[in-house]
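Chains as they are written, first to last, in this note's numbering: chain A, 1 to 473; chain B, 1001 to 1473.
Note that these hints are calculated values from the structure, not bench results.
No false leads were slipped in.
Cross-link-like lysine-lysine pairs, in silico, DSS-like; alpha carbons within 30 Å at most: (1) B:Lys1438 x A:Lys166; (2) B:Lys1166 x B:Lys1438; (3) A:Lys438 x B:Lys1438; (4) A:Lys438 x B:Lys1166.
Covered by chain A, per the in silico footprint, the following chain B stretches (three or more residues, Cβ under 8 Å): (5) 1059-1065; (6) 1102-1114; (7) 1200-1213; (8) 1227-1241; (9) 1432-1446.
This structure is a prediction, so every number in the text was calculated from the model and none was measured.
Every residue gets a Cβ at the ideal spot worked out from N, C-alpha and C, and that includes glycine.
What follows is each chain in one-letter form.
2 protein chains.
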Amino acid sequence: MRCALITAVFSSLCLGAAAQGAPEAEPLPGRITQTVDMLIEQGLADDIGLQFVEDLTTEVGPRLAGSQAERRAREWAVAELRSLGFRNVRIEDFDIPFWSRVTDTAHVISPGQQELVITALGGSADTGEGPIEADIIRFESMDELRAGFESDIRGKIVFVDEITIKTQDGSGYGLGVRKRRECAPVAAEKGAVGCLIRSVGTQPRRFPHTGMTARPDGEATGPLPAAALSPPDADQLTRLLERGAVAVRLNIQTETLTGVPSGNVIGEVPGEQADEIVLISCHLDSWDLGTGALDDAAGCGIVVGAAKLIDALPGQPKRTIRVVLYGAEEVGLLGGDAYARQHSEDLENHVLASESDFGAGRIWRFQTRFGDGALGYAAAIQKILAPLGVTAGDNNAFGGPDILVLARSGVPVVTPGQDGRDYFDYHHTPDDTFDKIKPDQFRQNVAVYAAFTYIAAESGWDFRKVAEPEEAE
Amino acid sequence: MRCALITAVFSSLCLGAAAQGAPEAEPLPGRITQTVDMLIEQGLADDIGLQFVEDLTTEVGPRLAGSQAERRAREWAVAELRSLGFRNVRIEDFDIPFWSRVTDTAHVISPGQQELVITALGGSADTGEGPIEADIIRFESMDELRAGFESDIRGKIVFVDEITIKTQDGSGYGLGVRKRRECAPVAAEKGAVGCLIRSVGTQPRRFPHTGMTARPDGEATGPLPAAALSPPDADQLTRLLERGAVAVRLNIQTETLTGVPSGNVIGEVPGEQADEIVLISCHLDSWDLGTGALDDAAGCGIVVGAAKLIDALPGQPKRTIRVVLYGAEEVGLLGGDAYARQHSEDLENHVLASESDFGAGRIWRFQTRFGDGALGYAAAIQKILAPLGVTAGDNNAFGGPDILVLARSGVPVVTPGQDGRDYFDYHHTPDDTFDKIKPDQFRQNVAVYAAFTYIAAESGWDFRKVAEPEEAE
Chain A
1 MRCALITAVF SSLCLGAAAQ GAPEAEPLPG RITQTVDMLI EQGLADDIGL QFVEDLTTEV
61 GPRLAGSQAE RRAREWAVAE LRSLGFRNVR IEDFDIPFWS RVTDTAHVIS PGQQELVITA
121 LGGSADTGEG PIEADIIRFE SMDELRAGFE SDIRGKIVFV DEITIKTQDG SGYGLGVRKR
181 RECAPVAAEK GAVGCLIRSV GTQPRRFPHT GMTARPDGEA TGPLPAAALS PPDADQLTRL
241 LERGAVAVRL NIQTETLTGV PSGNVIGEVP GEQADEIVLI SCHLDSWDLG TGALDDAAGC
301 GIVVGAAKLI DALPGQPKRT IRVVLYGAEE VGLLGGDAYA RQHSEDLENH VLASESDFGA
361 GRIWRFQTRF GDGALGYAAA IQKILAPLGV TAGDNNAFGG PDILVLARSG VPVVTPGQDG
421 RDYFDYHHTP DDTFDKIKPD QFRQNVAVYA AFTYIAAESG WDFRKVAEPE EAE
Chain B
1001 MRCALITAVF SSLCLGAAAQ GAPEAEPLPG RITQTVDMLI EQGLADDIGL QFVEDLTTEV
1061 GPRLAGSQAE RRAREWAVAE LRSLGFRNVR IEDFDIPFWS RVTDTAHVIS PGQQELVITA
1121 LGGSADTGEG PIEADIIRFE SMDELRAGFE SDIRGKIVFV DEITIKTQDG SGYGLGVRKR
1181 RECAPVAAEK GAVGCLIRSV GTQPRRFPHT GMTARPDGEA TGPLPAAALS PPDADQLTRL
1241 LERGAVAVRL NIQTETLTGV PSGNVIGEVP GEQADEIVLI SCHLDSWDLG TGALDDAAGC
1301 GIVVGAAKLI DALPGQPKRT IRVVLYGAEE VGLLGGDAYA RQHSEDLENH VLASESDFGA
1361 GRIWRFQTRF GDGALGYAAA IQKILAPLGV TAGDNNAFGG PDILVLARSG VPVVTPGQDG
1421 RDYFDYHHTP DDTFDKIKPD QFRQNVAVYA AFTYIAAESG WDFRKVAEPE EAE
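Same shape as in the complex, but just chain A:
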């Protein structure tokens, strides 16, 4: 407790949960620490990563998974990585089910007529050939919907008005996502004809927030038409319902296909021990409403910028740095799954993995998921990052959505935790555009990624290391 308090004030003096009682790592050689200092300085002055974000969001714009725009993004990224001098630049293909909105509108038709600002959720079913019209039934939460009676719900459009809580670490999003995924299947079971949710985002503005609803594996759509209302429209619908019955016309038309090509774009800085991989990643696809600047061109710019700084050093790193720009993350982490399948023989050689997919806010915490014999390495890296304003996190790192499956296979992962207090104000909305990136905060990310990636590539440390029995007692 005391340590936690001190950590908040002097993070460099107190190394957090991960390091508690951990054996000290062997000190890094001076040539490594000096290079890390230089990389941090260069990262804080980054232009390559930021330019990558500007160019991707400007020249390609939105990049819906499976769309022609995602294909253009892959071609663009291959050309860009080659032009930056990365080696082994390639696309690793895979197929996905494709879902795209064609029309998504909602109007109150009684009492009076007025438009509601909505967006269809990814995987939403169509409303048939044209719109549906039905009364609204409102629930405060998914739990209340689950407890609702079929006799009240049948034939109606369900409205789940649960709010999303703003947090620094993004943990409020989990509950929101539950509502987004489960509203349609639960409402369908009770005979509803459609589902509207209060947007999962935290924005107070009149933007709706898209994202996937649940759909069966391999299929393009789920059981019901499902859409998110902007927060002011959710409030408006609630106020109207306080005054009496409300009927809504909902029109959702989509284009769906199966077996559509997507792919992961890969570039490398080959190491002396070429088959030992330090993987840093992001996802290249985005939702269609904004230009996917925070989610996740920023992550791609951060890892490309960091890897490029290391590539510009004289000589080769010991281990290979592999930059992976995953495809089709937004529609079910399909790029991450494909990578794990395509590299299943090779996962033992992945010495460390990380994904940047939480915007471009300042990194405030560095979590790891290492073997218990490698906690000293965590502490050593955390100590180096502390002057960048990064506190030491625990050893329960998530890693990132596309590397979940790697983490589950035992690949050590780190989560450089970004400050996400305003991330869900923009994420998955039309307002996720380039102007939302704060250059100084973005550059701190590049510095952090360059530092830990270089240490992982150059130190020779084994992050899987299991504590020896006598040490563990």
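Given chain A's structure and the hints, the job is docking chain B onto it.
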């Protein structure tokens, strides 16, 4: 200069330009000042005005001039004013040209394909039966467009990228409006096929900002298709143009009619001297994108709330308080013009007029436009308002858009100046919704309106009063 400095700090001690050298007004009787104190206290606790705003924006929603929704708003307002106990509640009809958007979309088609977030400007011409496709030519300002060569512009879509400056008094809006009005006619003269402007609003968000473009008197549309880009889309277009030629597909389809009914809704608190009118007003119509909460349901709630407080006092006021909810303000101040025409015989009896049409921000300044012999009255009112955080303004009040024509006819007007630093972040965008009203700031407005309206009705003061020759020297 010194006085201005002191004014900022101790506004109650120094009465501003309007009062400089003005003869002191005869002191108000104690029964008036005591009643004013009570009205201020009640205004600061107002619920009637705020409920009016909530109900209008919820139950009617957007109220485009000439639409069925504006008609519903009039019927709603008549019922509401009657239910609040106002007398002589009526609609004064007039006809207007009607313009409504049906489709307004824009896409970059080269290089690549991506959507731009736009809104057609009111009075925009159609793009014909379907979309037009043309190269973009960008200008930093209207002056640069005016200086442009027809040979460069002919056949292209003009893009004017002038920004709007944020100010407390809204003065930055004037330049923006110039761009919105004049882009289409100036571009048309030089052979352009369309006009895009950076939104006039100050919002950093991805909302486009609508409003009128110039059109000939009495006609529904101007010379060219004209639309506003959201600020992030204006930035995106600029970045694309930095990289080379850009072609855009613009599709604007509208519905237009002439001779469509609109109307002003009027309610009164009759005075003992029934034909002496203190007019306080707002406009009932709104743009179609939001629910017209700040623009201008707020203004209507403020004047209705203030008038209702006075009506609830025992006995009649000396003069009649007339509340006017103008129609069709947004499309050319047509309600204000109609009122002045319909009451042209009667304008001499209007002792004072004001319109609240600048949102619901705290009132920080009280300007007047009185006869030079009535400046002591201005000072007396300003002194009473000072404890509410209101500084003394000059004698050049604008009054409000719908009472411009009254002011020009010599009716004394006041402008209780609201703090508009964030007004143009919401105004004319989809984000102008009820949640943007800050109740405490709104209630301070009700208190200010109740105070000066009561004084104007009860004091018997003549705000037209001309200084006698010996006083003027």
